[in-house]
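*Asks:* Chain residues, written in single-letter form:
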Amino acid sequence: MDRFLFPKWANTIVPVLGALGAVGVLYVIGMVAFGASPETTDVGYQPEQPLPFSHALHAGKLKLDCRYCHNTVEVAGHAAIPPTSTCLNCHSGADANGVVNTVAVHSTSAKLAPVRESQATGKSIQWRRVHDLPDYVYFNHSAHVRRGVSCVACHGRVDKMEKVTQVEPLSMGWCLKCHRNPEPNLRPPEFVTKLDWAPDGDPHEVGEKVREELNLNPSTNCSTCHR
Amino acid sequence: MASVTAEPIDTTIEVPGKRTPLVTGAHNYGTVTDAVCRLAECKTPLAWYVALGISASLMGMLFGLVGYLIITGVGVWGNRSPVFWGWPIVNFVFWVGIGHAGTLISAILFLFRQDWRTGINRAAEAMTIFAVICAGLFPGIHIGRVWLAYWLFPIPNQMAMWPNFRSPLLWDVFAVSTYATVSLLFWYMGMIPDLASLRDRAKGKIQQFAYGLFSLGWNGSSRHWHRYERAYLLLAALATPLVLSVHTIVSFDFAVSQLPGWHTTIFPPYFVAGAVFSGFAMVLTLMIPVRSICGIKDLLTDRHLENMTKVIIATGSMVGYAYAMEFFIAWYGGNRYETFAFINRAFGPYAWAYWIMVTCNVISPQLFWIKKIRTTPWMIFVVCIFVNIGMWFERFVITVTSLSRDFLPSSWGYFKPTIVDVLMLIGSFGLFMTLFLLFCKFLPMVAMAEVKSVMPRPHGKGDH
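Keeping their order, the protein sequence lines are chains A and B.
Residue numbering for the first sequence follows UniProt numbering, beginning at 1 and increasing consecutively.
Residue numbering for the second sequence follows UniProt numbering, beginning at 1 and increasing consecutively.
Calculated from the structure, these hints are not laboratory results.
Among the clues, some could well be false.
Unchecked claim - Pairs of lysine-lysine, BS3-like flavour, derived with a Cα cap of 30 Å:
id	chain 1	residue 1	chain 2	residue 2
1	A	Lys209	A	Lys194
2	A	Lys177	A	Lys8
3	B	Lys371	B	Lys43
4	A	Lys8	A	Lys163
5	A	Lys8	B	Lys203
6	A	Lys8	B	Lys43
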């Protein structure tokens, strides 16, 4: 027989092909999982900042309220990074005459040099943004903070962070998960900046109560965020 | 082997009480195999290389333009408000339509036990595949952000977002991809016995291995044949509703919208009829020269051509009826926008396109009532060229005239194609012809196994 038929050993290819097919399926599942994984969505992002600002010290030990620095968070869509002048309230260096305010804290600390430089030159401190949403997402801080979504729900325990790290993926799926089921993340609005606050009793029931009181109906349509 | 008595025979003449032979000339089983396999085995003629060179250059130009389009943006086309669907969609519908003849020939005619399909089905199916490839390209690049095309597929993702299953454009994705897959399987499955023949005749090691690989160890046992025929019947039965639904879904792209001139319930059957019409015309346009060049006139006789022209008369008349019915309903419905849409088609700024369409699609196929035209290959060829042109214009007229003037006169416009539009259409023919030429050279162009099944058994329909 002079024709080319598959020889007997070709039969061994069948399980190989089957295995390849299975690998292919696994590959697809893996890619989907990878696309949605926290690493891909920047969880754990922790850039070096121009000066070693510590939330653990200011918010944790000194118990500054979040709104002392991020003062627009209840009224504006954008939660402001405090300007240099906020730092200077406590950390002012020497003024034009070389006189240092007597209540100034660490007025000569090397770590605070960028603050004093900013004071002298009037140039902004170049903070690195950790939580960066694309510009086609119109996130509104005030809408959440005033409705009992705590800082901790999205930013984690910032009062324990030496350096700010992104703890949640900030992906659309993550946003929608809460918009579809907000109760676990709701608390009475007066406690939104109390990062260590925990509800008495079932968090879901507390959330449900808040939801009812404030008549919250988080929307999931496109125009909510993608204006 | 069948006995050989060669006498010239005119297969277009009806002899009462006798079926016309489907294979003419002094053919027996062996010579049929020789005639088909010869194409893959003999030295490639220079003309093939020249034709492939031209086609491949045009294909290169198409891909170059696609690159230019992706880098620059869809504004390189003439699509402007209010006409956002210009040539790319026209070409898409045109090519999808072309593809439908192949499946009609191989599936529907198979279900109707039309033996004359055997001579043409392989080439027609190949034409389907290549036309669907050309068609698939256009919506792919028409979307503006090509790199997000995968959002059209329902894949779980971090956005928790799925496509909207109400859009006919999404149905297109499923329809065309299913159509492409099923046609490819159907074509390939039908080819396996013939690939085995090529394998068995192959002289070189490489050919033997390649054809051996793709013929999947076919040895022609009766068990193979039994299962093959079952599977072929099932695929034919599945492909038949697919042909009808795919072009129906393509027509939904228009019919589902609210636009006067698009929002018409006649579109699904009318588009399908148009698809079969244009597809058959394209098969004839290709096969008339190919059967002479490749020397397979005995397998693809004048009778085959004549039968196809009859399908063209039938579907061409359906298309003509649909044109008339659209006008009738525009008047009868009493909707001023729809009335205007059709008056605008016939007498507006695109009247030239409309009348080209009517001349080519309504008048030219009627010439096939004349037996002389129906049985003269060059005349069929000329008429079919007109049908192809007419059917491209049909899609142009439907898409562009309806969009350019609709509800609000303040948003009326006139569509002007750019050079990129024109070159991409030409380039898509390059892509098509490149694939078709490769097919002609390397694969069995006629379904030998099927042709042999309609030949006279060692004694018994053929021309001897």
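*Asks:* Compare the structure with each hint and give your call.
*Replies:* Each hint, compared with the structure:
| no. | hint | verdict |
| --- | --- | --- |
| 1 | A:Lys209 to A:Lys194 | 19 Å, holds |
| 2 | A:Lys177 to A:Lys8 | 55 Å, violated |
| 3 | B:Lys371 to B:Lys43 | 38 Å, violated |
| 4 | A:Lys8 to A:Lys163 | 64 Å, violated |
| 5 | A:Lys8 to B:Lys203 | 23 Å, holds |
| 6 | A:Lys8 to B:Lys43 | 34 Å, violated |
When each numbered hint is compared with the structure, violations occur for hints 2, 3, 4, 6.
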